[in-house]
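If you read the sequences in order, they're chains A and B. The working numbering puts the last residue of the first sequence at 325; the count rises by one with no breaks. The working numbering puts the last residue of the second sequence at 711; the count rises by one with no breaks.
In case anyone wonders, no lab produced these hints; they're calculated from the structure. Be aware that one or more of the hints could be misleading.
[Stated by the list, open to error] Okay, the calculated bits of chain B under chain A, using three or more residues with CB under 8 Å as the criterion:
#1 416 to 422
#2 691 to 699
[Claimed, not checked] With a Cα cut of at most 27 Å, we get these calculated BS3-like pairs of lysine-lysine:
#3 A:K300 to B:K691
#4 B:K421 to B:K671
#5 A:K130 to B:K691
C-beta atoms are modelled at their ideal positions from N, C-alpha and C, and glycine is treated no differently.
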Amino acid sequence: MTHLIVAFVLLNAIILVVAYITLLERKFAARMQSRIGPYYVGWPHGWLQPIADALKLMLKEDVVPTLSDRWVYNLAPLVFLLPCMLIFATIPFAPGLGLADLNIGVLFFLAVSALEIVGLFMGGWGSNNKYALLSAMRAVNQIISYDLPFIFAALVPVVLAGSMQMSAIVVAQQGLFGWFVFYPGIGQLAFLAYVIATIAAENRVPFDILEAESELVAGFRVEYSGMKFALIQLGEYAHLVGTSFLGALLFLGGWLGPGPTWLGPLWFLLKAVLVFLLVTWVRWSFVRIRVDQILAISWKLLLPATVILLLATGFVVAAGFGRGA
Amino acid sequence: MDVEARKIVEVGYGGNERLLMNMGPQHPSAHGVFRAILQLEGETVAAVDAVIGYLHRCHEKLGETLTYVQYPSIASKTDYVAAMTSELTYVAAVEKVGKVEVPKRAQYLRVLVAELQRVASHCLWLGTWCLDMGGALGGGATVFLYAMREREMILDLFEALTGARLLYGFHQVGGVRYDLPAGWAETCRQTIDFVAKRLDEYQAMLEGNAFFLVRTQGVGVISRELAQELGVSGPLIRGSGVNYDVRRAEPYSSYQDFEFRIPVEAAGDCYARYRVRMQEFRESIKIVRQVLDGLPEGPISSRPGVKSVGQVRVPKGEGYARVEGARGEVGCYLISDGSPKPYRMKWRGASFSNLAALPHILPGHKVADVVAIMGSVDPVFGEVDR
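Put together the whole structure using the sequences plus the hints.
Right, dumping it as structure tokens:
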């Protein structure tokens with residue numbers, strides 16, 4: 001029962017955070033582009049804009065293309081959303097504050113987060129639209145290519161901490177400059193690889209060939225409208241926020257920070273937002289690259305680099321420089 | 326019915342290797358109303374069928390029904406992104422047929438607005454091209470919004486000069502319609518200095534960006550031979566290593582008075598076209614400065630102000646005038662029968678000829694390159710379809 005209540009609270013909190021992180025991104029992008037961004041809905045500075053957007057999407061007509069594969073088409077948003085929400089299950093937001101601090105927490109996160117591709121492909125296939133189909137094909141190519149370096153980069157802190165339990169990884173980062181991003185050499189490279197792989201796995205510019213609105217209009221979700229579109233959008237941002245939380249946890253020391261313990265979750269959120277803004281900063285400064293170039297970056301550069309990095313980490317830990325208990 | 330329709334669609338999808346995909350006329354990067362029917366093999370374009378004509382407005386017929394006084398303000402609607410040069414082409418053709426003298430001050434003013442227009446048009450090109458490559462939700466949008474900001478400043482200048490921001494009606498047969506308002510020249514100087522400064526920023530932002538380089542270098546190569554065979558002009562042909570510019574090849578409106586360089590790049594790819602346009606920005610700004618420095622006093626038109634639409638008559642004859650627009654050589658061919666309206670009028674749109682290169686260079690590229698190449702051609706469909 002308690003688990004149910006915690007899950008309910010957590011889900012709603014995630015949705016709220018996701019809604020407001022979209023506002024943050026819009027404001028951030030607007031500043032980069034010398035604009036103001038949302039302003040009038042919820043004066044000043046558009047504080048109610050996410051709520052207004054959600055309400056608007058609820059009121060929109062739900063269009064189902066006549067020739068779509070109805071079951072697949074209608075199920076896709078849910079199949080997509082589910083793993084994007086499930087990844088939050090094992091994240092502890094403070095010592096003891098989380099749904100389930102599994103001893104294989106990182107593995108669970110990585111395994112479940114990779115499932116989003118199923119929903120993506122279902123959406124692209126079920127829409128019966130050529131843009132969507134092409135986008136779904138690209139999705140499979142890209143996400144599979146980038147999940148590997150993503151996992152290898154995420155495994156570096158795991159090896160350093162000697163545990164897959166998320167709370168244990170945070171505990172291993174205690175002390176001045178104890179965060180794994182400060183670990184000489186390995187830490188910075190792994191964090192860099194993690195951020196790059198995150199951008200690609202979340203299909204954000206410059207790796208957003210799935211959406212590619214100048215080529216494929218809106219990619220796999222071109223036929224979706226109303227609430228189904230909102231679910232896909234929610235899933236996408238939830239996944240990104242989840243990955244940001246994981247990044248903050250693995251590399252930036254999770255809830256560790258100065259001040260009393262109850263500030264922990266706030267520190268954690270701040271660090272996650274920092275990772276998110278890093279991704280957003282890249283997004284609004286680069287142009288999109290081509291599908292073949294994206295795959296080349298993954299297979300020729302990022303994957304070998306992360307494998308070597310992981311191996312090096314293994315040697316370092318074997319030599320007795322690990323942080324594990 | 327449902328089953329039947331499903332069957333047809335599956336044939337289209339599952340047919341052996343090729344996928345027929347329609348891009349446009351309703352498409353985010355159709356640059357107006359271009360339609361490309363792509364045959365895809367996976368992601369690679371195997372063939373392209375370019376369809377134009379969605380913006381056809383019978384401009385040439387319209388030219389026969391409107392008088393020499395009326396049409397210049399309509400002429401601006403052919404290439405609406407560089408309306409000043411469209412107008413200039415038409416009045417230049419009329420002046421050629423009618424052997425009308427244009428006062429020096431009017432000629433200089435024409436050069437002034439034409440070059441400002443080139444800067445504004447290139448700003449739009451830079452923005453939309455990056456938007457094509459970077460997406461509306463990405464770095465491309467950032468460049469787009471920056472470039473639009475500079476374009477707005479030039480449109481403000483035009484608004485102060487003519488009262489309009491897009492379609493100006495600035496030119497008239499025998500000269501121009503408006504003289505510079507008080508203080509305009511000073512504002513203009515400040516604006517172009519500002520734009521020049523911003524250009525350095527964009528160039529640093531784009532040319533130092535590895536992703537931008539891999540998307541543009543070696544993509545969409547138009548060889549020198551192909552460019553000459555197809556009669557492309559403007560930044561396209563100069564990007565393919567041909568030093569051809571109407572301003573130099575056949576100076577009009579006192580262009581021989583000004584110092585400027587014709588930028589030429591040899592590679593012929595998207596990046597070469599980008600380089601050419603970035604240098605043209607600077608050359609245009611240089612010309613604007615020279616015009617402002619050396620603007621002669623005198624009348625702005627050799628004809629009195631317009632009182633009736635039938636006022637301008639041109640003797641029998643025919644002639645062709647050409648102007649270097651922002652996209653290349655814009656031409657207007659005119660036959661006069663002595664009445665206040667032309668007997669026949671024919672446009673040569675620069676975008677129309679430039680677009681002809683697309684089916685030759687697109688095959689073999691990826692879908693993503695289609696929009697990048699199309700953006701680098703910089704077509705304006707008002708001018709293609711007329």
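To see whether the hints hold, each was checked on the structure:
| no. | hint | result |
| --- | --- | --- |
| 1 | 416 to 422 | violated (count 0) |
| 2 | 691 to 699 | holds (count 6) |
| 3 | A:K300 to B:K691 | holds, 20 Å |
| 4 | B:K421 to B:K671 | holds, 15 Å |
| 5 | A:K130 to B:K691 | holds, 15 Å |
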